[in-house]
Amino acid sequence: MIDSYYFRDIVFALEKALYYERGRGAYFRATLIGKEFIDRKSIEGNTAEEIIESCFNMMREDHMMKNASYKKDENGTLFTFEMRDCMHLPVEAILEEEGVPAYICPPINMILYKIREMIDLAVEIADITVHQDDGRCIVRVVVFKQDSPEYT
Amino acid sequence: MGMGERGFLSREVKMDDLLEIMKTRRSIRRYKQKHVPDELLEKIMEAGRWSPSGDNGQPWRFIVVRDPEAKKALGKIATEGSGRRFTAEYFTGRMQERFEGLKDPEKKAKAFKKLITGEVSSFLANAPVIIVVCAKLDVWDVSYDSAMATQNMQLMAHALGLGSCVVVAPVSDMRDDIKTMKLLKIPHGYKVITPLAIGYPDERPNPRPRLPLEEIIFYEEFGKRRGK
Numbered sequence: 001m002i003d004s005y006y007f008r009d010i011v012f013a014l015e016k017a018l019y020y021e022r023g024r025g026a027y028f029r030a031t032l033i034g035k036e037f038i039d040r041k042s043i044e045g046n047t048a049e050e051i052i053e054s055c056f057n058m059m060r061e062d063h064m065m066k067n068a069s070y071k072k073d074e075n076g077t078l079f080t081f082e083m084r085d086c087m088h089l090p091v092e093a094i095l096e097e098e099g100v101p102a103y104i105c106p107p108i109n110m111i112l113y114k115i116r117e118m119i120d121l122a123v124e125i126a127d128i129t130v131h132q133d134d135g136r137c138i139v140r141v142v143v144f145k146q147d148s149p150e151y152t
Numbered sequence: 001m002g003m004g005e006r007g008f009l010s011r012e013v014k015m016d017d018l019l020e021i022m023k024t025r026r027s028i029r030r031y032k033q034k035h036v037p038d039e040l041l042e043k044i045m046e047a048g049r050w051s052p053s054g055d056n057g058q059p060w061r062f063i064v065v066r067d068p069e070a071k072k073a074l075g076k077i078a079t080e081g082s083g084r085r086f087t088a089e090y091f092t093g094r095m096q097e098r099f100e101g102l103k104d105p106e107k108k109a110k111a112f113k114k115l116i117t118g119e120v121s122s123f124l125a126n127a128p129v130i131i132v133v134c135a136k137l138d139v140w141d142v143s144y145d146s147a148m149a150t151q152n153m154q155l156m157a158h159a160l161g162l163g164s165c166v167v168v169a170p171v172s173d174m175r176d177d178i179k180t181m182k183l184l185k186i187p188h189g190y191k192v193i194t195p196l197a198i199g200y201p202d203e204r205p206n207p208r209p210r211l212p213l214e215e216i217i218f219y220e221e222f223g224k225r226r227g228k
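So the sequences go chain by chain: A and B.
Using this note's numbering, read the first sequence as starting at 1 and increasing by one per residue.
Using this note's numbering, read the second sequence as starting at 1 and increasing by one per residue.
Just so you know, the hints here were simulated from the structure itself, not pulled from any lab data.
Keep in mind that a hint or two might mislead.
[Said to hold, decoys possible] Taking lysine-lysine and the DSS-like style, the derived pairs with C-alpha atoms no more than 25 Å apart in a straight line are: (1) B:185 - A:35; (2) B:136 - A:145; (3) B:136 - A:41; (4) A:145 - B:191; (5) A:35 - B:191; (6) A:145 - B:182; (7) B:113 - A:16; (8) B:136 - B:179.
[What the hints assert, rightly or not] Facing chain A, from chain B, some residues (calculated, C-beta under 10 Å): (9) 47; (10) 79; (11) 80; (12) 84; (13) 85; (14) 87; (15) 88; (16) 102; (17) 106; (18) 117; (19) 118; (20) 176; (21) 178; (22) 207.
Heads up, the beta-carbon is just placed ideally off N, CA and C, and yes, glycines get one too.
All chains, full assembly: derive it from the sequences and hints.
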């Protein structure tokens, strides 16, 4: 019988392998991780804030995490998320032991993917900080309107 | 001169010439709007073709892009990708830390703008030609093989008097990679390694600093320097 550590260990090994293959650039190869999952969910909203709340509700209902919150900076561009007791935390714990910095946050990936898809704003994770001692992650992201380049 | 003295070379090639080509190559981001003949591009791709590859897998495939619309589309993907990445760097203050040494506020603001808007990568659209280096995935060492081919191509371009620049912005992030694959109709089983912008240089950049040899060479094991 497969125990509860099975998927944790598999995800850890895959994340470690990708990091050792691409280094810091592994982040860019992982930006769509979670897309398939969130595509099966019904997410609603006409603003970034509404989409975030809709995603939070789905994630809480699915027990992905116990709690999640966020705040915006004065420009309305930098969003700081706090995820508590997320199901990915045990993976991050072993990655940290192996010297691999946190570079994937599937729940945030999902939220950002939906913001991009539903209201066409540019999105990017800036950094991820894991606090294993009190079971939370801080993820900073930017959400903004991106002007299309013009060429002469 | 016997084969033992010059290996497999069919004629004498001066080591200094080769090193000169390597040391004077620059990443060129501004090009003259002058036609690059097919013959020169073929020489560049011939250089790529002679790269080493694991199991002689030769995974590289090259797409020559001259169509202005396709170049604009690649430039747009590159610009948006870089813009996202550098906007994140700016709003967390890391960009300000990185440019701490740049004291002139005007120059600093200009540099920030170029990065945040993604303009740093938009020159791709204005390159006279782009060779998109692609690779077959059904080999053991796809990235290593293809990177070696790309380097051969850059050196050949330089030796021919052309400038080139590797622009990974349209492919490094999966979100952009997907768009680029679609644009260039890349089939399953292949990936884009990098667009390589090519043209006659319209700039003469200074060499970027290099780490000193003594800092990057170890003997027998990592971290062990000569004489220790």
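To see whether the hints hold, each was checked on the structure:
1. With a CA separation close to 22 Å, the supplied pair residue 185 of chain B and residue 35 of chain A stays within the 25 Å bound.
2. Note on residue 136 of chain B and residue 145 of chain A: the hinted pairing is violated, with a Cα-Cα distance of about 36 Å set against a maximum of 25 Å.
3. Taking the CA atoms of residue 136 of chain B and residue 41 of chain A, the gap is about 35 Å. The hint is violated against a cut of 25 Å.
4. Of the pairs offered as hints, the one joining residue 145 of chain A and residue 191 of chain B is violated, with about 29 Å between alpha carbons and a cut-off of 25 Å exceeded.
5. About 20 Å separates the Cα atoms of residue 35 of chain A and residue 191 of chain B, which keeps this hinted pair within 25 Å; it holds.
6. Taken as a hint, the residue 145 of chain A and residue 182 of chain B pair is honoured in the structure, with Cα atoms around 24 Å apart against an allowance of 25 Å.
7. With a CA separation close to 35 Å, the supplied pair residue 113 of chain B and residue 16 of chain A exceeds the 25 Å bound.
8. Pair hint residue 136 of chain B plus residue 179 of chain B holds up; C-alpha atoms about 18 Å apart against a cutoff of 25 Å.
9. The interface hint given for residue 47 of chain B is broken, as the beta carbon of that residue sits about 26 Å from the closest beta carbon of chain A, more than 10 Å.
10. The closest approach between the C-beta of residue 79 of chain B and any C-beta of chain A is roughly 4 Å, which is under the 10 Å cut-off, so the hint is satisfied.
11. Interface restraint check: residue 80 of chain B against chain A, minimum CB-CB distance 6 Å, threshold 10 Å, status holds.
12. Evaluation of the residue 84 of chain B hint against chain A yields a held restraint, the C-beta minimum of about 4 Å falling below 10 Å.
13. The beta carbon of residue 85 of chain B is positioned within 10 Å of a beta carbon in chain A (closest approach about 6 Å), and the interface hint is therefore held.
14. Hint status for residue 87 of chain B relative to chain A: holds, with the closest Cβ pair at about 5 Å, below 10 Å.
15. Using the Cβ-Cβ criterion of 10 Å, the hint placing residue 88 of chain B at the interface with chain A is satisfied: the shortest such distance is roughly 4 Å.
16. Interface hint status for residue 102 of chain B: violated, as the beta-carbon distance to the closest one in chain A is roughly 21 Å, over 10 Å.
17. Taken as an interface hint, residue 106 of chain B does not check out: its beta carbon lies about 22 Å from the nearest beta carbon of chain A, beyond 10 Å.
18. Residue-level restraint check for residue 117 of chain B holds (minimum Cβ-Cβ distance to chain A is 7 Å; threshold 10 Å).
19. With 10 Å as the threshold, the beta carbon of residue 118 of chain B comes within range of chain A, its nearest partner Cβ sitting at about 7 Å, so the hint holds.
20. Hint on residue 176 of chain B holds. Least Cβ distance to chain A is approximately 9 Å, under the 10 Å limit.
21. Because the beta carbon of residue 178 of chain B sits about 8 Å from the nearest beta carbon in chain A, less than 10 Å, this interface hint is met.
22. Restraint check, residue 207 of chain B versus chain A: the minimum CB separation of about 24 Å is more than 10 Å; hint violated.
Checked against the numbered hints given earlier, this structure breaks hints 2, 3, 4, 7, 9, 16, 17, 22; the rest are met.
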